[in-house]
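S.K.: Sequence:
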Amino acid sequence: MRVTGSVFRGGIRYALKMRSPQPINTPFTRRALLGAAPALFLAACSNPSGGQSQGGTASVTPSVTPMPTPTPVLDAQQLQDLKTQLDKLFQERPYPAHSMLVTALDGTRELYVDAPDTPRLPASNMKILTYFTLVQTAPERTFTTSVVQGKNGLFLVAGGDTLLVEGATEPATADSPTMRAGLSTLAADTVQQMNERKVTHGTFPVYLDTTIYTGSATNPGWEPGDLESGQVTPINPIALASHTVPGQSTPDKPARPQDAGVAALEAFVKVLNKASEEHAEVKAGYVFTVADRRPREADAEQIAQVQSASALDQAFVMMLESDNVLAEVLGRNMAIAAGREGSASEAQKLVREKLQEAKISVTGLVQADVSGMSLQNRVTARTLAQTLGALAAHPKHDELERRFPVAGVSGTLKDRFSGEANKYARGHVAAKTGTLFTAISLSGYATRPDGTRLIFVSLLNDVGGAEALPGAKDTVDSAAAIVAARTEPPANPTETPAPSGSQVPGSSSSPDATGSGSAPNSSQSPDGSSSASPAGGSVPQEDAPSQAAEQNPAEVPSSQ
Numbered sequence: 073m074r075v076t077g078s079v080f081r082g083g084i085r086y087a088l089k090m091r092s093p094q095p096i097n098t099p100f101t102r103r104a105l106l107g108a109a110p111a112l113f114l115a116a117c118s119n120p121s122g123g124q125s126q127g128g129t130a131s132v133t134p135s136v137t138p139m140p141t142p143t144p145v146l147d148a149q150q151l152q153d154l155k156t157q158l159d160k161l162f163q164e165r166p167y168p169a170h171s172m173l174v175t176a177l178d179g180t181r182e183l184y185v186d187a188p189d190t191p192r193l194p195a196s197n198m199k200i201l202t203y204f205t206l207v208q209t210a211p212e213r214t215f216t217t218s219v220v221q222g223k224n225g226l227f228l229v230a231g232g233d234t235l236l237v238e239g240a241t242e243p244a245t246a247d248s249p250t251m252r253a254g255l256s257t258l259a260a261d262t263v264q265q266m267n268e269r270k271v272t273h274g275t276f277p278v279y280l281d282t283t284i285y286t287g288s289a290t291n292p293g294w295e296p297g298d299l300e301s302g303q304v305t306p307i308n309p310i311a312l313a314s315h316t317v318p319g320q321s322t323p324d325k326p327a328r329p330q331d332a333g334v335a336a337l338e339a340f341v342k343v344l345n346k347a348s349e350e351h352a353e354v355k356a357g358y359v360f361t362v363a364d365r366r367p368r369e370a371d372a373e374q375i376a377q378v379q380s381a382s383a384l385d386q387a388f389v390m391m392l393e394s395d396n397v398l399a400e401v402l403g404r405n406m407a408i409a410a411g412r413e414g415s416a417s418e419a420q421k422l423v424r425e426k427l428q429e430a431k432i433s434v435t436g437l438v439q440a441d442v443s444g445m446s447l448q449n450r451v452t453a454r455t456l457a458q459t460l461g462a463l464a465a466h467p468k469h470d471e472l473e474r475r476f477p478v479a480g481v482s483g484t485l486k487d488r489f490s491g492e493a494n495k496y497a498r499g500h501v502a503a504k505t506g507t508l509f510t511a512i513s514l515s516g517y518a519t520r521p522d523g524t525r526l527i528f529v530s531l532l533n534d535v536g537g538a539e540a541l542p543g544a545k546d547t548v549d550s551a552a553a554i555v556a557a558r559t560e561p562p563a564n565p566t567e568t569p570a571p572s573g574s575q576v577p578g579s580s581s582s583p584d585a586t587g588s589g590s591a592p593n594s595s596q597s598p599d600g601s602s603s604a605s606p607a608g609g610s611v612p613q614e615d616a617p618s619q620a621a622e623q624n625p626a627e628v629p630s631s632q
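The numbering used here numbers the first residue of the sequence shown as 73 and each following residue consecutively.
In short, the hints are calculated from the structure, not lab data. It should be emphasised that the depicted structure is a prediction, and the values quoted were computed from it without experimental measurement. We treat Cβ as the ideally placed atom computed from N, Cα and C, and that holds for glycine.
Distance windows between CB atoms, simulated:
| id | residue 1 | residue 2 | range |
| --- | --- | --- | --- |
| 1 | P243 | K325 | 25 to 33 Å |
| 2 | G239 | D147 | 53 to 61 Å |
| 3 | Q330 | P243 | 27 to 35 Å |
| 4 | T435 | D534 | 16 to 24 Å |
Could you build all of it, start to finish, from the sequences and the hints given here?
M.R.: This is the structure:
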């Protein structure tokens with residue numbers, strides 16, 4: 073039995089339990105400590121001095137400082153409007169299996185509920201859980217690709233970086249905010265080190281060591297058609313361009329090498345020989361050949377390495393582009409960072425454990441992967457809302473939320489929110505998309521005209537096949553626009569930003585005592601309101617399914 077309607081317990085804003093400050097000296101930490109000072113002061117004032125009466129006997133009636141009345145999230149009329157409009161939307165566009173949950177920014181105070189505890193197929197909304205796990209485990213972790221020299225040749229040792237480029241290392245830029253480590257840089261350093269060590273000229277086989285990952289490279293929950301179409305592929309701990317063939321992939325048809333690890337090895341040997349030829353002293357004295365895959369020798373010595381961008385920076389690509397393969401890689405990498413094996417099963421276990429540690433509900437959670445490609449995954453709207461609330465309460469929440477696509481501006485939402493019922497929410501919704509032939513999802517943050525920010529989760533299952541996907545996407549976009557209270561032209565025409573902007577300065581505010589936080593590129597006031605501007609970023613493709621996987625109806629152009 074589905075429960076629909078509005079639940080607003082008292083209509084008040086409860087204070088969040090704030091996490092203990094981490095021993096990291098950053099601007100975010102300092103702001104969090106400063107924000108806690110008023111609460112500490114109030115706690116001190118609530119204890120009456122001495123605890124005794126003027127006569128010297130213990131006071132019978134303790135003095136208690138009354139708690140201030142929290143500010144309502146929505147007033148009664150706003151709450152009723154939210155209920156009425158969402159009820160009407162799903163009455164006019166009925167789906168046999170859907171869940172909708174709207175909460176305050178803490179992810180728990182419910183403003184609208186519709187089957188929030190029914191497990192649904194989440195599609196790429198599963199990446200929200202993977203993203204949270206990364207943030208909680210090792211967001212600053214980098215992944216090392218190294219070369220070691222043994223008695224029988226060189227070993228290219230994979231370290232979990234699958235965003236490598238064949239050329240020189242590419243620094244982060246405004247258009248491409250994730251640094252890419254380069255195999256040519258690694259090759260030049262390798263040849264230089266061999267020359268400095270006075271290694272005798274000759275021919276050297278180059279082996280590939282991928283033992284950092286264990287278990288199956290594929291997932292039993294993936295459909296054969298998804299592997300054949302390239303929407304997913306066997307997972308390697310080393311690859312160029314996220315397991316694609318550089319220059320040959322398109323958003324709807326990713327070109328995958330037969331073995332991404334071997335393809336990276338072949339590319340490395342090519343640039344190694346080029347570096348040998350171009351070195352002023354070596355002059356092609358070193359010749360390198362492609363060898364097989366094997367563990368490095370125990371006494372092999374490292375001679376060169378390159379470092380990836382941080383896990384959090386690589387997650388920027390995962391979230392904006394909805395990169396399924398990168399999600400699986402980062403899941404395994406986080407398992408390794410947590411002291412586990414780099415396998416799919418350990419990655420899934422870590423996600424569940426991090427949710428449980430954060431007191432996030434895992435009721436009904438069924439995990440078949442960490443990318444959302446499997447049709448066996450199940451998650452409730454409540455789990456997703458609580459996870460979004462935990463991200464919003466993080467000291468670096470503004471940075472974390474900028475990884476989410478923004479309606480009409482960036483990522484997989486670049487070309488969305490173009491309908492009459494939702495176009496005014498462009499630039500005011502930051503959310504993760506999800507697209508399978510049987511499911512559409514959209515979950516994230518909505519900023520209302522008065523600056524109030526809410527969490528919403530929309531999960532549609534059994535949508536009716538490929539031909540029904542555009543209508544289902546428009547439905548969840550319209551639901552988000554309702555949550556953002558942006559279904560009509562704004563009273564102030566200058567408030568809604570032009571969606572073409574991709575470079576908008578962001579703020580660096582921290583959550584207030586009620587758990588409110590600023591949206592990407594917004595300014596948060598002490599009472600929880602904010603003035604939001606659109607977030608920018610690179611513009612990747614839409615979620616791209618094949619038979620049971622993510623769809624990409626058209627290529628999306630790059631942002632300016």
